[in-house]
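Asker: If you read the sequences in order, they're chains S and B. For the first sequence, this note's numbering assigns the number 1 to the initial residue and increments by one for each residue that follows. For the second sequence, this note's numbering assigns the number 182 to the initial residue and increments by one for each residue that follows.
There could be a bad hint or two in this list.
What the hints assert, rightly or not - Which chain S residues stay away from chain B? Per the calculated CB distances, all over 12 Å, these:
no., residue
1, 3
2, 29
3, 43
4, 57
5, 66
6, 67
7, 71
8, 80
9, 96
10, 110
11, 118
12, 119
13, 154
14, 164
Said to hold, decoys possible - With a straight-line Cα cutoff of 30 Å, these simulated DSS-like cross-link-like pairs (lysine-lysine) come out:
no., chain 1, residue 1, chain 2, residue 2
15, B, 207, S, 53
16, B, 286, B, 207
17, B, 207, B, 299
18, B, 253, B, 626
19, S, 147, B, 501
20, S, 147, B, 299
21, B, 299, B, 335
22, B, 228, B, 252
23, B, 335, B, 238
24, B, 558, B, 501
25, B, 527, B, 305
26, B, 224, B, 253
27, B, 286, S, 53
28, B, 445, B, 370
29, B, 527, B, 224
30, B, 558, B, 335
31, B, 305, S, 147
32, B, 468, B, 433
33, B, 207, S, 147
34, B, 558, B, 228
35, B, 370, B, 253
36, B, 593, B, 558
37, B, 335, B, 593
38, S, 53, B, 238
39, S, 53, B, 289
40, B, 238, B, 252
Just so you know, the hints here were simulated from the structure itself, not pulled from any lab data. Just so you know, even glycine gets a beta-carbon here, dropped at the ideal spot from N, CA and C.
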Amino acid sequence: MKEHIGVVPLGEEVPALALEVIAANITEYYKWPADILPLEPVPESAFDEVRMKYNAGILINMLDALDFGGYSKIVAVISRDMFIPIFNYVFGQAVQGGHLALISLYRLNRNADGSTPSTSLIFERAAKLALHELGHLFNLFHCNETKCIMHFSGVIEDLNTIPFYLCRDCARRLPRSPDFS
Amino acid sequence: MEPKLRLMIVDDELIVRESLLYWFRKYGYEIETAASGAEALEKIEQKPFQLLFVDIKMPGMDGLELLERVKKEYPDTLVVIITAHGSIESAARAMRAGASDYLLKPFKPDQLSLVMEKILSQQKIASDYHYVKGCLDQITRFDNIIGQSPPMEKLYTLILEVAQSDASILITGETGTGKELVAKAIHAKSLRAQHPFIAINCGALPDTLMESELFGHKKGAFTGADHSRKGFLEVVSGGTLFLDEIGDISAKMQVDLLRALDDKTIFNVGSEIPIKVDFRLISATRKDLEKCIQQGEFREDFFYRINVIRVHLPPLRERKDDIPLLVDHFMEKYSHETTKHVDRIKSDAIALLTSYDWPGNVRELKNVVERAVVLSKSRTLTVEDFSFLRPAHTSQSTPQTLKEVEEAHILKVLDEQNWQITRSAEILGINRVSLHKIIKRSNLKKRA
Numbered sequence: 001m002k003e004h005i006g007v008v009p010l011g012e013e014v015p016a017l018a019l020e021v022i023a024a025n026i027t028e029y030y031k032w033p034a035d036i037l038p039l040e041p042v043p044e045s046a047f048d049e050v051r052m053k054y055n056a057g058i059l060i061n062m063l064d065a066l067d068f069g070g071y072s073k074i075v076a077v078i079s080r081d082m083f084i085p086i087f088n089y090v091f092g093q094a095v096q097g098g099h100l101a102l103i104s105l106y107r108l109n110r111n112a113d114g115s116t117p118s119t120s121l122i123f124e125r126a127a128k129l130a131l132h133e134l135g136h137l138f139n140l141f142h143c144n145e146t147k148c149i150m151h152f153s154g155v156i157e158d159l160n161t162i163p164f165y166l167c168r169d170c171a172r173r174l175p176r177s178p179d180f181s
Numbered sequence: 182m183e184p185k186l187r188l189m190i191v192d193d194e195l196i197v198r199e200s201l202l203y204w205f206r207k208y209g210y211e212i213e214t215a216a217s218g219a220e221a222l223e224k225i226e227q228k229p230f231q232l233l234f235v236d237i238k239m240p241g242m243d244g245l246e247l248l249e250r251v252k253k254e255y256p257d258t259l260v261v262i263i264t265a266h267g268s269i270e271s272a273a274r275a276m277r278a279g280a281s282d283y284l285l286k287p288f289k290p291d292q293l294s295l296v297m298e299k300i301l302s303q304q305k306i307a308s309d310y311h312y313v314k315g316c317l318d319q320i321t322r323f324d325n326i327i328g329q330s331p332p333m334e335k336l337y338t339l340i341l342e343v344a345q346s347d348a349s350i351l352i353t354g355e356t357g358t359g360k361e362l363v364a365k366a367i368h369a370k371s372l373r374a375q376h377p378f379i380a381i382n383c384g385a386l387p388d389t390l391m392e393s394e395l396f397g398h399k400k401g402a403f404t405g406a407d408h409s410r411k412g413f414l415e416v417v418s419g420g421t422l423f424l425d426e427i428g429d430i431s432a433k434m435q436v437d438l439l440r441a442l443d444d445k446t447i448f449n450v451g452s453e454i455p456i457k458v459d460f461r462l463i464s465a466t467r468k469d470l471e472k473c474i475q476q477g478e479f480r481e482d483f484f485y486r487i488n489v490i491r492v493h494l495p496p497l498r499e500r501k502d503d504i505p506l507l508v509d510h511f512m513e514k515y516s517h518e519t520t521k522h523v524d525r526i527k528s529d530a531i532a533l534l535t536s537y538d539w540p541g542n543v544r545e546l547k548n549v550v551e552r553a554v555v556l557s558k559s560r561t562l563t564v565e566d567f568s569f570l571r572p573a574h575t576s577q578s579t580p581q582t583l584k585e586v587e588e589a590h591i592l593k594v595l596d597e598q599n600w601q602i603t604r605s606a607e608i609l610g611i612n613r614v615s616l617h618k619i620i621k622r623s624n625l626k627k628r629a
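The shape of chain B in the complex, shown without the other chains (with noise of 0.2 Å):
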């Protein structure tokens, strides 16, 4: 059998485009019909064509301006011009245009045939690119995490270095901005890959339950054991242990995990035996763990033992370069699972996308992109389908004092202004050297 291809004949003629449906549905090609160019146009809209047969002479929108637009929007859309005999001269017209072939009707049926294997070694050529095209976005991606932005470089770059050694890391960052899968990335890249990679979520534990899942329990240790059981410091054992949220386990929990830091050692609930224990630690969190120190919620020395190591991730608004990459990434990924094609965005949309701060960071979009795609009525994804983005959105670091929000105003501006110091002025209603002055005070830099 050939690939299943999607097709469609663009003729102003019932007879002929009932010929040629008749004759490829032979070969099980997925096959639809056109009277016009503006309604092949709507089709190719709704989903996707991978070959069009086109009609040059049709009333309104001719197989050439078809031929262009389709071109010039689709441009993997393979098409093959018909045409009468006498007008030799715009099939040359359609060759240059970007058709693939063209025939001169009526043809042979082999003539079509031949056109066909051709088109469908096009194909293989394309899919081909697609494939290589897959493995270099490998290069943009390191585990599953995407972006190319300098930021995500820098983070890639210190992901290697600290994969290497054995010391606890401090992943922060604000929510969504993708913690658990750096701290994945780390663990694939060290020598602790082989072994097992538990993540537990401790803003999502009680106390009681935290200890022993982490530390295990003896039989009868408490109501309800009733039986023995290991905890996840052990079965971790020469694997990576991730505790997100480490900012919100108890002081209590924070000794007993810097005792196991320090001793290696363990005791499960209810047991006076000493167990061995060899983990890597990762924790993540996106509070401000000084703070909490200094405001007595959290412990220094245990800060100190699982920061030996900090990576922080910086949030979507400071790397808005990545944004068109991430979105093409879930697009894909959930087209696929919606099983609806919808692989396409109107650069209005990206435009909007990228004008957006996303407080919610990567999750954030990734789940208005879901939305985007399930709702979506076309295969191409418009501003209309983003209208529930309200695009002045305050993100979640907003500043608290006056200063805070003076400087940030400012920035704002500049930035919108690409930095130029006059224009800005005129919109902060202050002169250049007022500027130039709170510049230099507050340290403003401009942003990546």
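Pulled out of the complex, with its shape left as it was, chain S reads as follows (with noise of 0.2 Å):
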């Protein structure tokens, strides 16, 4: 198995350089190599028509079934509009200490005021998100420190507060990178 994190684009929306953002930061943050892996496309069965929204839960199963070609971790990343039967909404899933997450652009690209963010505001978010959840693939924890990547962002200001970096008792956590073993 390769010791690489794979950035998989679903569906043709979503931006190149975005995929280069959070590939560049999980190599940055995490000091793990990150490849963009090819575009896959949206499975539309995990869409659901009363909620008009994708099913993140649904769509992780669909991940899991596809083959990477051996990479260690997968963060998958979406413009769709995501929720899980329980929550409204979801910035982005992981499988605590598994090997699939994702995350969704959808929410990223508006302000709470209702105003448009920049677009280097939009991408520093999805590069926060996608670590954070790669976090939770490498067993991190929602960390009580609010400089802290690990910090929940419950809405989008949240995002803009939290550091890229992890606080030193989640860093400690965090499994060595290939480069260091």
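Grab the two chains, each in its own frame, and use the hints to assemble them into the complex.
Answerer: Shown next as structure tokens:
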């Protein structure tokens, strides 16, 4: 198995630059090499016609059935809105300690007051979201420390305020990257 | 990291259970799920949960009924109700029934986050409360002696009084009443508290070894004495020497100790050099030393020397009000030691323990609770966990003469009938006047 992280776009509308920013930040902050993998189509069967959103749990299950060529962790990126049955929406979803995470860019391009953020801020939010969900794949839990990427972001402003990096406690729990092993 | 919470999601819909399960796993909480109210109650019976997320609409026992059962039987467990839009009325009912909060599903992730923040803060308040309660519990304890019944209150006062003097103390009481604990408490409250407390069980040591242990010996004093050794009377210097089962020491040892107490001087075995010693003697016995004196088994002069102050410990059957407090204490102690979650006891089990005579006193109660905790398969001790106890146990102080047997039986019936003379007389098969006469003649009194 490759000791690399795969970043997978789900659907053609995912901006290529967003994928590059995500991959670069994974390598920068987690010191794990990240590769952008070929596009996968959006599994339409995950669309819930009542909620008009995609079921994140079904998307994860579908991704699980795909072969990603032995990448140890996968971060999939989608531009559609996602939910899980108990929540109205989710920014991202990951299997704690597993190998699949999924983030949605849908709610990142709007501020809480309805205004449109700059493109750089949207990409910054996307990168933070990917780092956060990837942290769960490394079996990191939500952290109380507000200056930590593993601090829970319930609303969009939270993503603006959390940093890119892990606090010292969470950093200690992060497994060593292949570069250091 | 958030504090480690143990929580349970109770919902008949698998998808909801799984959604919340995955969500809470991200916080590192210990989490379980239940598909029905009955399954949830079964799980709570096995181990404690701090928080339950309960769906209102479930087949069989619904969420409200579960909430009521939980709040009645496990009031420390917090419950958050999950309900669908449109059932806000039942949410309000749930809040009145003691729910900590409610969530209308589907909800936003940050709403759940806010509820959790509120719950954790409630938990902190509860934990602070338990801390304060723990401090208050200390008030019901006196240097590890547990009890708040009138005889124990008297004992605490006596301990404080006698601790201030330096006179020898004789602690009497049946086996298992905590004589050594009381000796330690007296030492801890005395001016000698900064110096050693040494306890010796006289019944466990043969005479020759006892002499060497107490007085020390010179090298070559006897076969095997290949080096000199200080005795406890010297080592305890400035402190308190506790001699348990003093009634078991030989006549020669009584003389030697009497001399040491009078002269404050000892000699090592095999030496003629006097050594000054400074200690306070606390002795204890389960024997009736006055009777031993009459039978020539104990020296009268030594008895008066060690019995300057007498502290008598009541048997457990005379302070049954303390049994629930003691049971709580031992349950907590052995739950902690065995890492089992046994923190509750049914009222009929307490009633059984209270009806028992406890011939082995607190030590026996301690062992019984330990056994029950170790063997218990749930967090609640029930009557079945104590089925090995025989309720009609006779106490150690079984009367010997026919008159004593008669008096003891009359007293037992009177106690059982709460001293209602007419009813007691009926049970005893005598008339009221006769019963009054017996009470007066035998000086029978209502027990505390």
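Asker: Compare the structure with each hint and give your call.
Answerer: Here's how the hints hold up against the structure:
Listed as outside the interface, residue 3/S is consistent with that label: its C-beta sits roughly 24 Å from the nearest C-beta of chain B, beyond the 12 Å cut-off. Distance check on residue 29/S: its Cβ is at least 19 Å (rounded) from any Cβ of chain B, clearing the 12 Å threshold; non-interface status holds. Annotated as non-interface, residue 43/S keeps its C-beta farther than 12 Å from every C-beta of chain B; the closest such distance is 18 Å. The beta carbon of residue 57/S is not kept farther than 12 Å from every beta carbon of chain B, the shortest such distance being approximately 7 Å.
For residue 66/S, the shortest C-beta to C-beta distance to chain B comes to about 20 Å, beyond the 12 Å cut-off, and the non-interface label holds. Non-interface call for residue 67/S relative to chain B: holds, since the shortest CB-CB distance, roughly 24 Å, exceeds 12 Å. Non-interface call for residue 71/S relative to chain B: holds, since the shortest CB-CB distance, roughly 22 Å, exceeds 12 Å. At the 12 Å boundary, the C-beta of residue 80/S stays outside the reach of chain B, the nearest C-beta of that chain being 17 Å off.
Distance to chain B contradicts residue 96/S as a non-interface residue, since its nearest Cβ pair spans about 4 Å, not more than 12 Å. Chain B leaves residue 110/S outside its interface by the beta-carbon criterion, the shortest separation being 15 Å against a cut-off of 12 Å. No beta-carbon of chain B comes within 12 Å of the beta-carbon of residue 118/S; the shortest separation is about 24 Å. For residue 119/S, the non-interface assignment is confirmed: its Cβ lies about 25 Å from the closest Cβ of chain B, beyond the 12 Å cut-off.
Not every beta carbon of chain B lies more than 12 Å from that of residue 154/S, the smallest distance being close to 3 Å; the non-interface claim is violated. With a least CB separation of 19 Å from chain B, residue 164/S remains clear of the 12 Å interface cut-off, as annotated. For the given pair, residue 207/B sits about 23 Å from residue 53/S by alpha-carbon distance, which is consistent with the 30 Å threshold. Taken as a hint, the residue 286/B and residue 207/B pair is honoured in the structure, with Cα atoms around 20 Å apart against an allowance of 30 Å.
With a C-alpha separation of about 18 Å, the suggested pairing of residue 207/B with residue 299/B holds against the 30 Å cut-off. A threshold of 30 Å between alpha carbons decides the hint, and for residue 253/B with residue 626/B the separation of about 40 Å lies outside it, so the pair is violated. For the proposed pair residue 147/S and residue 501/B, the alpha carbon gap of about 57 Å is over 30 Å, so the pair is violated. For a cut-off of 30 Å, the pair hint linking residue 147/S to residue 299/B stands: about 21 Å separates their Cα positions.
Our distance criterion of 30 Å between C-alpha atoms is broken by residue 299/B and residue 335/B, whose separation comes to about 46 Å. Distance check on the hinted pair: residue 228/B and residue 252/B sit about 16 Å apart at the alpha-carbon level, within 30 Å; holds. Only pairs whose Cα atoms come within 30 Å are accepted, and residue 335/B paired with residue 238/B is rejected, the gap being roughly 56 Å. Pair hint residue 558/B plus residue 501/B holds up; C-alpha atoms about 27 Å apart against a cutoff of 30 Å.
Only pairs whose Cα atoms come within 30 Å are accepted, and residue 527/B paired with residue 305/B is accepted, the gap being roughly 28 Å. Among the hinted pairs, residue 224/B with residue 253/B is consistent with the structure: their alpha-carbon atoms are about 16 Å apart, no more than 30 Å. Proposed proximity of residue 286/B and residue 53/S is supported: the alpha carbons are some 16 Å apart, at most 30 Å. Among the hinted pairs, residue 445/B with residue 370/B is consistent with the structure: their alpha-carbon atoms are about 23 Å apart, no more than 30 Å.
The suggested pairing of residue 527/B with residue 224/B holds, with an alpha-carbon distance near 17 Å, which does not exceed 30 Å. For the suggested pair residue 558/B and residue 335/B, the alpha carbons sit about 39 Å apart, so the restraint of at most 30 Å is broken. Taking the CA atoms of residue 305/B and residue 147/S, the gap is near 23 Å; set against the 30 Å cutoff, the hint holds. Among the hinted pairs, residue 468/B with residue 433/B is consistent with the structure: their alpha-carbon atoms are about 19 Å apart, no more than 30 Å.
Restraint check for residue 207/B and residue 147/S: satisfied, since their Cα atoms lie roughly 18 Å apart, inside the 30 Å limit. Restraint check for residue 558/B and residue 228/B: satisfied, since their Cα atoms lie roughly 10 Å apart, inside the 30 Å limit. Of the pairs offered as hints, the one joining residue 370/B and residue 253/B is violated, with about 43 Å between alpha carbons and a cut-off of 30 Å exceeded. Distance hint between residue 593/B and residue 558/B is unfulfilled; the C-alpha atoms sit about 36 Å from each other, more than 30 Å.
For the hint pairing residue 335/B with residue 593/B, the CA-to-CA distance comes to about 24 Å; that is within 30 Å, so the pair holds. Proposed proximity of residue 53/S and residue 238/B is supported: the alpha carbons are some 25 Å apart, at most 30 Å. Restraint check for residue 53/S and residue 289/B: the C-alpha separation of about 14 Å stays at or below 30 Å, so the hint holds. Restraint check for residue 238/B and residue 252/B: the C-alpha separation of about 18 Å stays at or below 30 Å, so the hint holds.
In terms of the numbered hints stated before, the structure departs from hints 4, 9, 13, 18, 19, 21, 23, 30, 35, 36, listed from lowest to highest.
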